[in-house]
Amino acid sequence: MQFSSKCRETADACRFCWMCRHICPIGNVTGQERNTARARALSLSVVMRGAAELDKDIADNVYECALCGACTEDCATGWDPVIFARESRREIVLAGRTPAYIMPMLERFGESGSIYGAEEENDAFAAAAARHAAKTDILLYIGEDARHGAKKNAVKAIELLEKAGVDFTVLCDEPVSGRTLYFLCGDVKEARDAMEAAANTYGEYKKVVFYDAGDAKTAMQEAKELGIDCAAALVSFPAYIAELIDTKALKVNKGDKKYTFQDPAALTRGIEDTVSPRKVLSACGELCDMLLIGKATVLAGQKIMAEYMPETVKGMAAKRWVDCKNMGGSVMVTADSAEYLALEATKPDGCELLTIEEAVLQCL
Amino acid sequence: MTDFLFTQILSELEDAVGRENCSTREIDKLTHGVDYFWLSRMWADRGLRMPEADVVVSPKNAKETSAVLKIANYYKIPVTTWGGGGGTQGGAIPVNGGIVLDTKRMNEIYDFNEKGMFIECGTGTIYKHLEWVANERGYATMHYPSSLTCSTVGGFLAHRGIGVSSTKYGKIDDMVLGMEVVLPDGTIIETSPAPKHAAGPDLNQIFIGSEGTLGIMTKAQMRIYDIPEERRFRGFLFHNMTDAFDASRELLQKFKPSVMRLYDPAETASLIKKIVGVERDGAFMNIAIEGDAEMVALEEKILLKTFAKYGAEDLGSEYGEKWWKEKITFFYPGNMMDLPQMFGTMDTIAPFDKIEKIYWAMKEAIETNFPQAKFIAHFSHWYEWGAMVYDRFIIDGKDVPQDPHEAMRLHNAVWNCGVRTAIANGGVVNDHHGVGIKLGRLMKEQYGPAMKVFEGLKRELDPNGIMNPFKLGL
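Chains as they are written, first to last, in our numbering: chain A, 214 to 577; chain B, 1262 to 1735.
Be aware that a few hints might be false.
Label-pair restraints from in silico Cβ distances [to be verified]:
| # | chain 1 | residue 1 | chain 2 | residue 2 | range |
| --- | --- | --- | --- | --- | --- |
| 1 | A | P312 | B | D1657 | 38 to 44 Å |
| 2 | B | G1538 | A | Q215 | 37 to 43 Å |
| 3 | B | P1601 | A | K219 | 18 to 24 Å |
| 4 | A | P523 | B | A1527 | 36 to 42 Å |
Calculated from the model, a selection of chain A residues having no Cβ within reach of chain B, i.e. all distances over 12 Å [what the hints assert, rightly or not]:
| # | residue |
| --- | --- |
| 5 | A226 |
| 6 | F229 |
| 7 | S258 |
| 8 | A313 |
| 9 | L319 |
| 10 | Y521 |
| 11 | M540 |
Simulated crosslink set (SDA-like; lysine to any residue; CA at most 20 Å straight-line) [to be verified]:
| # | chain 1 | residue 1 | chain 2 | residue 2 |
| --- | --- | --- | --- | --- |
| 12 | A | K471 | A | I484 |
| 13 | B | K1389 | A | K471 |
| 14 | B | K1324 | A | G244 |
| 15 | A | K471 | A | G563 |
| 16 | A | K532 | B | R1493 |
| 17 | B | K1321 | A | G282 |
| 18 | A | K471 | B | E1397 |
| 19 | B | K1321 | A | G291 |
| 20 | B | K1517 | B | R1493 |
| 21 | B | K1586 | A | K538 |
| 22 | A | K508 | A | G323 |
| 23 | A | K538 | B | D1315 |
| 24 | A | K538 | B | D1599 |
| 25 | A | K532 | B | D1372 |
| 26 | A | K532 | B | R1307 |
| 27 | A | K269 | B | F1373 |
| 28 | A | K219 | B | D1599 |
| 29 | B | K1389 | A | E524 |
| 30 | B | K1659 | B | K1389 |
It is worth saying that the hints were derived from the structure and are not from the lab. Given the structure is predicted, the values throughout are model-derived calculations rather than measurements. We put the beta carbon where it would ideally sit given N, CA and C, even for glycine.
Isolated chain B, as found in the complex (with noise of 0.2 Å):
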C-alpha cells in the first residue's frame, strides 16, 4: 500500500474513533502482536517479531466498531478483534496485519439490573472489574477461570470460556442473556431480548465462539448471582480414574457441585502437590458444595456417601480450601509452564462413555510418538452426560529446537497428534480454550461436510473476508 493510500486511510479511521485512539506507534503494534499462544511467544523469545497490525484502533462503543467496520470493508482491510490478549489459540494475533480492534475502551456498565439478575456492559470490560461491580451490591458472576483478571467480556464470549464453577453455574454461553454484535458491513443487531426461546436458532449462540470472524460484540447482558451462604470443600483420593469417573457420573445424576476437578495422577504428584501440598499416590479429586446452608450440608452427606462406594478416600476440607484460594496462583510465572518448555493444553469433551477412553488414548498417542513429552491432565468441567479433559503436554527446554520454525513443525505436530486422536475416539477440536489460528485446520476433519454451515455464514456476513482472517479454519 502507498503511503498516500495508508494516511488517507488512517486518516479516515482517526475519524470514527478519535485520533487518539487509532495508534501506529511501534509500542502498540508490538503488544498486539504476541497473545498466550505459546508459538507468538517462542517467536518473540527467539527475538523475532510476530507479525503486526498496521494500525490499533480503540473505538468506544458499537457506532465507532461500525465505523471501523465500513472503512474497512470499503478498502478490504483484515480486521482482528483484541480483547484482552490472554487467549492461547493466536485468535488475537493479525497474522495478516491490517486493523487491530482493541475493544478494552468499551468498558462501560449500561445497566445493573438486580431484577432481572444480569449486568449489561461493554464487552472490553476486564471481567474481574464486572465481578468487582457485581460484589459491591452483593452479588457474584460466578465466571472464575485462570485469566479472569485479565481477560475482557467479550474475550470470553468469543472463545466460549468457562470458569472454575462451571458445573454448577455453566460456560459462558450459559451466563449471557442478550448481545449487541456488529456485522462486517457496520450493521449494527442486537441479538434477541431473552435466551432459551423458540424464535429461531439463537442468534446469541452463532456469535458467541466466533471468535471475531463474523462479527465484534459490543455489549453484553451477563447474568449475577446471590453470593452462596455457604461453600464447602472437600477432597478426595481414588485409586484409580475409572472410580473417579464412575462416582462423579453417579453423583451428577444427584445434583451439582459448583467446582469438580479430578487431577491424573501425573498431575496429583506434580501441580498439586506443589500448589496445594497433596503428597499421596492416586487421582486427588476436589469438590466445592454451595448455595444455602441447608441445602449444603444435605449435598455434602449425599456426596461423601456416593464416593464411599467408590472407595474414595476422605481428605477432609483443607487441600479444597487451599486449592480454592490458590486457584488462580497456579498461572503466574514460576508456576505455570514456561519456556524454554514447549506445552500446551489439548483440552476436549465428550460423554462419559468416551471421555476416559479419550484421555488414555491421547496420553498414548503422544507419549508414544513424542517421547520426550510428558503428558498430565485434570478433568475440571462437568455435566450429567460427561466431562471435559484438560490435558496438556509439556516438553523440556532441551528438547525444545532452538531454531523458530523447527520448533514450531514439532508443536504443530503434537497438536496434530493429540487432536486427531482425541476426534477419533469421539471428543472435539476444543473444549473451551477456542481454535484460532492454532486449530484452525483441524475444524475441517472434525465437522466434515458440516463445515459448510460455518463457510456459509461466513461467506454471507462476511464476503470479502476481512473478519480475523484464517482463525477458525474461516
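So that you can see chain A by itself, here it is in the shape it has in the complex (with noise of 0.2 Å):
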C-alpha cells in the first residue's frame, strides 16, 4: 500500500480524537465505534505500522464512510478525515481487494457508463428532455443519480426553468460528472478520465446548471483540485433558481408554507453556497430551520451507499425528519435526488416533501 505523506499525517493527527463523533451521520445510525473518524484513522495507521493487514474488514470500514466531510467541517484544527478514508479506497481498489459488493457497481459502470446500471425508463422525462434537445448556450446537466430514480423530479426542474423562459438543453447522451467513480475509487485513472470527459462536454456550453448538488461539487471543486477545468460557467440548481428569481424571470408568490430545507452536505460544505436555496424559501414562504443547517448539515441520504447499506441511509434520513419535526417543521425541501429518494422512504405521516424546484412551482 502506497500512502502519501498528507495521508499518514492525518490518519496519524486523526487517530486518537474522538471530537468530531457527534456529527457523524452513519455513526449516529449504526452507533457502531467503527464509525468514527478516528476508528478509521487508528485502523489504517495501525496498517501503516505494520501490525494489521489491511483485511477485508477494514476495508469494510472505509468504505462506510459517506466522505460528507461533516467531520471535516468539525474540525477546529483542519483535519480532513476524507483524506485517508479516499486515499484507502484507491489503495484497495489498486490492490484488487475490492469488497465483492462494490464490484457489480465497477462492472455497470463499465457495461453501461454509470455505476447505477441502464437509466431508469419514464416517458415524461423523455418527452421533456427531448423538448430541449436542440444545443443551446445553457446546459441542464441531470446527472446520475437523477437519471437513475429521481427523473420524476428532473421533469419539474424542466418545467421550470421552460416557466422562467429559459432556453437550454438537456443531453439524452449526457457524460457522468465523474462523481460516483471518484466516490467509490478515489483518485484513479477511470475517475480522472470521466471527469475530464465531463469537463470537455461542459466546455461547449456558456453555462451549466447542475441538478445535483453532487455533480456541482465534483466539476466545480473535486474536478479543480485534481486539474481538469473547463471554460464554461458552472452554477448549482439552486444557485440559478435565486437568480432567476432575482431577475424577476420567475416571479414568486409568497405563500404561508413553513419550509425546512435539508442542506446537501456537497452544496454547503463542497461549493459553499448555504444562501441561495434558503433565498429561493424566503421568497416562497417561511423557513423553520433545524438545528444543523448550511455548512453543519447533516447527510439525509446517499444513493451510492444506499446499494450497499440500505438501512443506514433510511437511517440517516429517518433522523432528519425528526430533526425537523423537532423543531416545528413538517415540509422538508430538498436539492439533492439521493436525499430526496431516502427521504421520501422515511417520510413520517403528515409531513410533506418538496424539491426546491417543486416549492417555486407551486408559488407561481
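Take each chain as given, in its own frame, and dock them per the hints.
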C-alpha cells in the first residue's frame, strides 16, 4: 500500500481524537465505534505501522464512510478525515481488494457507463428532455443520481426553467460527471478520465446548471483539485433559481407554507453555497430551520451507499425527519436527488416532501 | 477456549442482542482496544496491538444488557463497558479480553420532562446529542467538558466527570436524578425515585464512579436548566497564585460563578498565550457569571470589588469570551499534547487550606525527580470549601524511551510520584478523570482500610469478578 505523506499525517492526527464523533451521519445511525473518523484513522495507522493487514473488515469500514465532510467541517484545527478515507479506497481498489458488494457497481460502469446500470425509463422525462435536445448556451446537467430514480423530479426542474423562459439543453447522452467513480475508487485514472470527458462536454456551453449538488461539487471543486477545468460558467440549480427570482424571470408569490430546508453537504461544504436555497424558499414562504444547517448540515441520503447499506441510509433520512419535526417543521425541501429518495422512503405521516423546484412551482 | 465453546457462547450472545450487534470483526476489536489513555495510544503508536476483546456486543437496552451479563456470568467471561472510549485512565480497555459491551445503541430519549427539569435517556447517548435535544426545547444541560462531543452519558457517570461550568451547576453526580442499572448477575434495578433522600445511602452514588466494576448503568435521568438570560466573562491577571486563591475563596462565600479557571504562570505562558492570546506574566483567571440579567450585573460588581482587593488586574471581557469560544479547541489535534510526547493530567482536589500546598509539592516532586518533565496546571472546578488542581506533566518526545516497555515504566513512575505526593499532602487519587487501570494500584494507598467497603460491594455484587477486571483497584 502506498499511502501519501498527507494521508499518513492526517491519519496520525485523527487516530486518537474523537471530537467529531457526534456529527457523523453514519455513526449516529449505527452506533458503532468503527463508524468514526478516529476508528478509521486508527485502523489505517495500525496498517501503516505493519501491525495489521488492510483486510476485509478494515476495507469494509473504509466504505462505510459517506465522504460527506461533516467531520472535516467540525474539526477546529482543520484536519480532513476524508483524505485517508478516499485515498485508502484507491489503494484497496488498486490492490485488487475491492469489496464484493462494490464490484457490481464497477462492472455496471464498465458495461453501461454508470455505476447504477441502465437509466430508468420515464416517458415524461423523455418528452421533457426531447423539448430541449437542441444545442443552446445553457446546459441543464441532470446527473447520474436523478437519471436513476428521480427523473420525475428532473421533469419538474425542466418545467420550472421553461416557465422562466430559459432556452436550455438537456442531453440524452449525458456523460457522467465522474462523481460516483471518484467516490468508489478515489483518484484513479478512470475517475479522472470521466471528469475530463464531462469537462469537455461542459466546455461546449457558456453555462452549465447542475441539477444535483453532488455533480456541482465534483465539477466545481473536486475536478479542479485534480487539475481538470473547463471554460463554462458552472452553477448549482438552487443558485440559478435564486438568480432567476432575483431577475424576475420567475415571479414568485409568497405563500404561508413553512419550509425546512435540508442542506445538501455537497452544496454547503462542497461549493460553500448556504445562501441561495434559503433565498429561494424565503421568496416562497417562511423558513423553519433545523438545528444543524448550512455548513453543519447532516446527510439525509446517499444513493451509492444505499446500494450496499440501505438500512443505514434510511436511518440517516429518518433522523433528519425527526430533526425537522423537533423544530416544528413538517414540509421538508431538498435540492439533492439522493436525499430526496431517502427522505421519500422514510417520510412520516403528516409531513410533506418537496424538491426546491416543486416549492417554487407551487408559488408561481 | 476451544473453537467449539467460543462459537457456542457467540451464538448465545447473538441471540441476546441480535447477530448484527455482536461482532468478532478485526476492525471492531481493534478500535475498542485503544482509548484516550496515553499508554494505549503509545502502544498503538509503536506498532503493537493492545489487548482486544474476543467479541464486541452492542445491546439496545437493559433487557439485552441483562441477557449478556447472565451469559458472561455463566461462562465467567470478563465484561468491559465501552461508552465513547474517550477516557484517559484506561478504564474502557479490555485488558483481559472477553466481552466489550458498547453502550452507544442505548441512545433513546425516553422522556423530556419539562416540569421535572430532566431528560430520561439511554446511557449510550452522546452528551452533545443530549444537549441538542435540550436546546431544541430552549434548555441546556450545562455539562460542558472537553469531551462533550465524543463521550456518552454513561461514560461521564462511570468516572464522575465534570464540565467547565461546574462551579455553578455541579459535577455529573449532581446532575443525575435517578438511574436504571443492570447488576453483574443480570438483575435490573432502579436506584430511587428522587435523589437527596434519607432512605439510606444514595444508590446513585454507589454506581456513579464505579467504572463498570459493579454493574452497567443503562438509563439515567439527567437534569436540564434554563438557558441563562445573560452570560458575562471577565479575565483577570493575578500577581501570584496565593492572591488568586484568597480572592476566589472570598468570592465563593458570596456567590457561585459558572466558570472559574485559574492558570498557573507556566500554563498562562503556554496554552493561554497560544489559544486565548494573553501574553503577560502572572496567573490568568477567567470567570463567567450567568443567569438572570439583574443578578449577573450585581454579581459582576461583587466580583470586580472582591478581586480588586487582591490586586487582580481586570483584563475585560475579551479574553474570557475568546476562551469560551475556544474551550474545546484546546483538545483538538495540533493544540493538545500528543505523541511522541509523554503527558498526563494528575488532577486532584482538596480544601483551600491544602490545595496550593499540593500544587507546589507536586510541582517540586515532578520537576525534581523527573527533570525532563515540564509541569503546568490550572484550577478549574471550585467549591465554597476548596478547589481542584488540573496539573499536567509533559515530557518531550526525545526524552521518552522508544522501547514501549521502558516508556511504560517511566510513565508509571511519574504517575506514582505525582499521585503519592498529592495523597501525602491531603489530596485524592483523582478529581474527575477516574481511576481505570492507570491508578488502580494507588486506590489502596489512599483509602487504606476503607478500601474494604468497595471490595465488599464488589464481592457481593460481582462474585465471579467478571466486571471490568483490574480497574479501580478492584
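So, going through the hints one by one against the coordinates:
1. A/P312 to B/D1657: 38 to 44 Å: 42 Å, holds
2. B/G1538 to A/Q215: 37 to 43 Å: Once the Cβ atoms are compared, 41 Å apart, the range 37 to 43 Å for A/Q215 and B/G1538 holds.
3. B/P1601 to A/K219: 18 to 24 Å: Because 20 Å falls inside the window, the suggested range holds.
4. A/P523 to B/A1527: 36 to 42 Å: 54 Å, violated
5. A226: Violated: least Cβ distance 4 Å, not greater than 12 Å.
6. F229: Per Cβ check, A/F229 is inside 12 Å of chain B; nearest 5 Å; violated.
7. S258: 7 Å, violated
8. A313: 16 Å, holds
9. L319: The assertion about A/L319 holds, with a minimum of 23 Å to chain B.
10. Y521: 15 Å, holds
11. M540: 6 Å, violated
12. A/K471 to A/I484: 26 Å, violated
13. B/K1389 to A/K471: 27 Å, violated
14. B/K1324 to A/G244: At roughly 18 Å apart (the allowed maximum being 20 Å), A/G244 and B/K1324 satisfy the hint.
15. A/K471 to A/G563: 14 Å, holds
16. A/K532 to B/R1493: 35 Å, violated
17. B/K1321 to A/G282: Cα-Cα ~28 Å, so violated.
18. A/K471 to B/E1397: At roughly 17 Å apart (the allowed maximum being 20 Å), B/E1397 and A/K471 satisfy the hint.
19. B/K1321 to A/G291: Between B/K1321 and A/G291 the Cα gap is close to 34 Å, so the pair fails against 20 Å, i.e. violated.
20. B/K1517 to B/R1493: OK: B/K1517 and B/R1493 at ~13 Å, within 20 Å.
21. B/K1586 to A/K538: Measuring from Cα to Cα gives roughly 29 Å; hence the hint is violated.
22. A/K508 to A/G323: 35 Å, violated
23. A/K538 to B/D1315: 41 Å, violated
24. A/K538 to B/D1599: 42 Å, violated
25. A/K532 to B/D1372: With a Cα-Cα distance of about 18 Å, the restraint between A/K532 and B/D1372 holds, given a limit of 20 Å.
26. A/K532 to B/R1307: Roughly 40 Å separates the two Cα atoms, so the pair is violated.
27. A/K269 to B/F1373: Judged against 20 Å, a Cα distance of about 42 Å means the pair is violated.
28. A/K219 to B/D1599: 18 Å, holds
29. B/K1389 to A/E524: 24 Å, violated
30. B/K1659 to B/K1389: 37 Å, violated
Violation of the numbered hints given earlier is confined to hints 4, 5, 6, 7, 11, 12, 13, 16, 17, 19, 21, 22, 23, 24, 26, 27, 29 and 30; the remaining hints are satisfied by the structure.
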